[in-house]
Amino acid sequence: MQHLRNALTKHVRLSCSARVLEFPAAGGLVHAPRRQLCASSAATSFEDLKTRVLDLVKKYDKIDSSKVTDTADFQKDLSLDSLDRVELVMAIEQEFSVEIPDDKADKLSCCADVVKYISEAQTMKKESS
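When you line the sequence shown up against this note's numbering, it's residues -2 to 126, in that order.
No lab work stands behind these hints, which were simulated from the structure alone.
Keep in mind the model is a prediction, meaning the values are calculated, not measured.
One thing to keep in mind: the hints can contain errors.
Below, simulated PhoX-like cross-link-like pairs (lysine-lysine); rule was C-alpha separation at most 20 Å, straight line [what the hints assert, rightly or not]: (1) Lys123 / Lys113; (2) Lys101 / Lys47; (3) Lys56 / Lys123; (4) Lys47 / Lys104; (5) Lys113 / Lys101; (6) Lys73 / Lys55; (7) Lys47 / Lys64; (8) Lys113 / Lys55; (9) Lys101 / Lys73; (10) Lys101 / Lys122; (11) Lys104 / Lys73; (12) Lys113 / Lys47; (13) Lys123 / Lys104; (14) Lys56 / Lys73.
Work out the full structure, taking the sequences as your base and the hints as a guide.
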C-alpha cells in the first residue's frame, strides 16, 4: 500500500488554499479550504525518468551502486550477465508499466538507453490515447 501511495504522490500534486465564503445562515464569513488536483508534468520529465531508472538499477542487489551512472554499460561496467540483464529488464517493466520486447531489451546497454526507451514508449502511449 505504501508503494502505491508513493507512486501516486509522485504524479499528483495537491494544492490547498483558503477562500472566504459567505453563508448568511451561518452568521457570517467562513474560511473554507479549497483543494485542486492537477497532474504534474514534471513527474514524467526526462530528468525524473533518469533519476528513477538510476535508483532502480542501484537497488539491484548484484550491482555495486557506486558504479551506476547513466552511461555505465550493464555488461562491461556493471558486470551483469544475460540472466541478470533479463531480471533487470523485468524490474524496469514492472516499475514503469511498459513492455520491452526481447529485441529491444538486447539493445538497452546502459541507463540512458533505458530512459530513452521509456520516454519514447510513454510518448507513443499518450499519442495513441
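How the hints compare with the structure:
Distance hint between Lys123 and Lys113 is fulfilled; the C-alpha atoms sit about 15 Å from each other, no more than 20 Å. For the hint pairing Lys101 with Lys47, the CA-to-CA distance comes to about 18 Å; that is within 20 Å, so the pair holds. Among the hinted pairs, Lys56 with Lys123 is inconsistent with the structure: their alpha-carbon atoms are about 29 Å apart, more than 20 Å. With a C-alpha separation of about 18 Å, the suggested pair Lys47 and Lys104 falls inside the 20 Å cut-off, and the hint holds.
With a C-alpha separation of about 12 Å, the suggested pairing of Lys113 with Lys101 holds against the 20 Å cut-off. Proximity of Lys73 to Lys55 is assessed by CA-CA distance (about 16 Å); at most 20 Å being required, the pair is judged to hold. A threshold of 20 Å between alpha carbons decides the hint, and for Lys47 with Lys64 the separation of about 16 Å falls inside it, so the pair holds. With a C-alpha separation of about 18 Å, the suggested pair Lys113 and Lys55 falls inside the 20 Å cut-off, and the hint holds.
A distance of roughly 19 Å separates the Cα atoms of Lys101 and Lys73; the hinted pair therefore holds under the 20 Å criterion. Using a Cα cut-off of 20 Å, the hinted pair Lys101 and Lys122 holds, with the two alpha carbons roughly 17 Å apart. Restraint check for Lys104 and Lys73: the C-alpha separation of about 14 Å stays at or below 20 Å, so the hint holds. Between Lys113 and Lys47 the alpha-carbon distance is near 9 Å, which keeps this suggested pair within the 20 Å criterion.
Under the criterion of a C-alpha separation no larger than 20 Å, the hint pairing Lys123 with Lys104 is inconsistent with the structure, at around 24 Å. For the suggested pair Lys56 and Lys73, the alpha carbons sit about 18 Å apart, so the restraint of at most 20 Å is met.
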